[in-house]
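Asks: Sequence:
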Amino acid sequence: MLLAWYDRHRRRLPWRAAPGETSDPYRVWLSEIMLQQTTVKAVGPYFEKFVARWPDVTALGRASLDDVLRMWAGLGYYSRARNLHACAVAVTREHDGVFPDTEEGLRALPGIGPYTAAAIAAIAFDRRTMPVDGNIERVVSRLFAVEEELPQAKPLIQQLAATLLADSCAGDETSRAGDSAQALMDLGASICTPKKPACSLCPLSEDCMARARGTQETFPRKAPKKSGTLRRGAAFVVTRGDELLVRSRPDKGLLGGMTEVPGSDWLAGQDDAAAKQQAPELKGLSRWQRKVGVVTHVFTHFPLELVVYTAKVEARTRAPEGMRWVPIATLADEALPNVMRKVIAHGLGF
DNA sequence: CAACCGTGGCT
DNA sequence: TAGCCAAGGTT
Numbered sequence: 205m206l207l208a209w210y211d212r213h214r215r216r217l218p219w220r221a222a223p224g225e226t227s228d229p230y231r232v233w234l235s236e237i238m239l240q241q242t243t244v245k246a247v248g249p250y251f252e253k254f255v256a257r258w259p260d261v262t263a264l265g266r267a268s269l270d271d272v273l274r275m276w277a278g279l280g281y282y283s284r285a286r287n288l289h290a291c292a293v294a295v296t297r298e299h300d301g302v303f304p305d306t307e308e309g310l311r312a313l314p315g316i317g318p319y320t321a322a323a324i325a326a327i328a329f330d331r332r333t334m335p336v337d338g339n340i341e342r343v344v345s346r347l348f349a350v351e352e353e354l355p356q357a358k359p360l361i362q363q364l365a366a367t368l369l370a371d372s373c374a375g376d377e378t379s380r381a382g383d384s385a386q387a388l389m390d391l392g393a394s395i396c397t398p399k400k401p402a403c404s405l406c407p408l409s410e411d412c413m414a415r416a417r418g419t420q421e422t423f424p425r426k427a428p429k430k431s432g433t434l435r436r437g438a439a440f441v442v443t444r445g446d447e448l449l450v451r452s453r454p455d456k457g458l459l460g461g462m463t464e465v466p467g468s469d470w471l472a473g474q475d476d477a478a479a480k481q482q483a484p485e486l487k488g489l490s491r492w493q494r495k496v497g498v499v500t501h502v503f504t505h506f507p508l509e510l511v512v513y514t515a516k517v518e519a520r521t522r523a524p525e526g527m528r529w530v531p532i533a534t535l536a537d538e539a540l541p542n543v544m545r546k547v548i549a550h551g552l553g554f
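Take 205 as the starting number for the first sequence in our numbering and just add one per residue.
Check each hint, because a few of them may be wrong.
Unchecked claim - Under the rule of at most 20 Å between Cα atoms (straight-line distance), these lysine to aspartate or glutamate pairs were calculated in the EDC-like manner:
#, residue 1, residue 2
1, K253, D270
2, K253, D476
3, K487, D537
4, K546, E485
5, K546, D390
6, K426, E509
7, K429, E351
8, K480, D455
9, K456, D446
10, K516, D446
11, K495, D446
12, K516, E447
13, K495, E447
14, K430, E509
15, K399, E464
16, K429, E352
17, K516, E485
Calculated from the structure, these hints are not laboratory results.
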């Protein structure tokens, strides 16, 4: 039985309540947002930092968006941080600091979609619902040998996963809906892995249709995704003594609201000369020095190649409109996405 | 509804 | 290595 396996093999995770203890909706919510498309390993340190600084949802609701973005820097998918903050504000101001305890109520909050609403409802409030994430999609598609491709198969998989919830809870005094979901997630993470699943260790192997056919690894069915076109651009690392010239990106879109050094557009097929022409204009800047090599970075939808130029300007040189000087020593505190950390490291010779 | 939205680790 | 993958949501 699935829950019996879970009771023995469940992962110990910072946001999970100990067996028998009630879980904190704030920690469940925070972890679920961080874990969207992000590995447990990457989330760990960020989760600890967040709960240490903001122990509850009202504390986070009082924080500034900028502080939240700075703390989130490096985790990726930055709209999550904006929605996280907006959600904390909404819960604080409109729900008296108490999370709604129904899927519907949770779903109405920013950053909480169908998966996360079901996950919080099940894990934090023991609601009888089955969240379906990537792990559960894989487990269920193998268990029932779902031939339909993703994402079209989502409704079917959701339905099949729900039957699993009913099965795993039959006869239980409490529903343990959250444990059923987390059991399937742990199974997907540790046993029913994308490649070379350890079927011999799986508590569901006897019931697995794909296993019976020996085709586990071919599920879930999925069309191969096309890779984006390479884009090129230039980045400009300007120092004034021990300070660096930076600006903030627009609130929406790629790396929304994050800090960057000035740079050109990022376009497919753009040549170096065109990119360099978009350099910021500073008084008393004698010449640009092109750093050898390029900075490469891969976003979800396209790979990026950045040429880096450096220049020094005299003390008290004014920052161009919309830009500012920040001490290099405090760069770690800025809301710098990793691509910009790479650029700065390359430009400054770290 | 398909496209957009980061990053790091693993095979 | 180059692609795949991770506790998805928003538009």
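Asks: State for each hint whether it applies.
Replies: Verification of the hints:
1. K253 to D270: holds, 15 Å
2. K253 to D476: violated, 40 Å
3. K487 to D537: With a Cα-Cα distance of about 28 Å, the restraint between K487 and D537 is violated, given a limit of 20 Å.
4. K546 to E485: violated, 23 Å
5. K546 to D390: violated, 34 Å
6. K426 to E509: With a Cα-Cα distance of about 29 Å, the restraint between K426 and E509 is violated, given a limit of 20 Å.
7. K429 to E351: holds, 18 Å
8. K480 to D455: violated, 25 Å
9. K456 to D446: Not satisfied, since the Cα-Cα distance of roughly 30 Å exceeds 20 Å.
10. K516 to D446: At roughly 10 Å apart (the allowed maximum being 20 Å), D446 and K516 satisfy the hint.
11. K495 to D446: With Cα atoms ~19 Å apart, K495 and D446 stay inside 20 Å; holds.
12. K516 to E447: holds, 10 Å
13. K495 to E447: holds, 19 Å
14. K430 to E509: With Cα atoms ~19 Å apart, K430 and E509 stay inside 20 Å; holds.
15. K399 to E464: The hint is violated at about 38 Å.
16. K429 to E352: holds, 16 Å
17. K516 to E485: OK: K516 and E485 at ~12 Å, within 20 Å.
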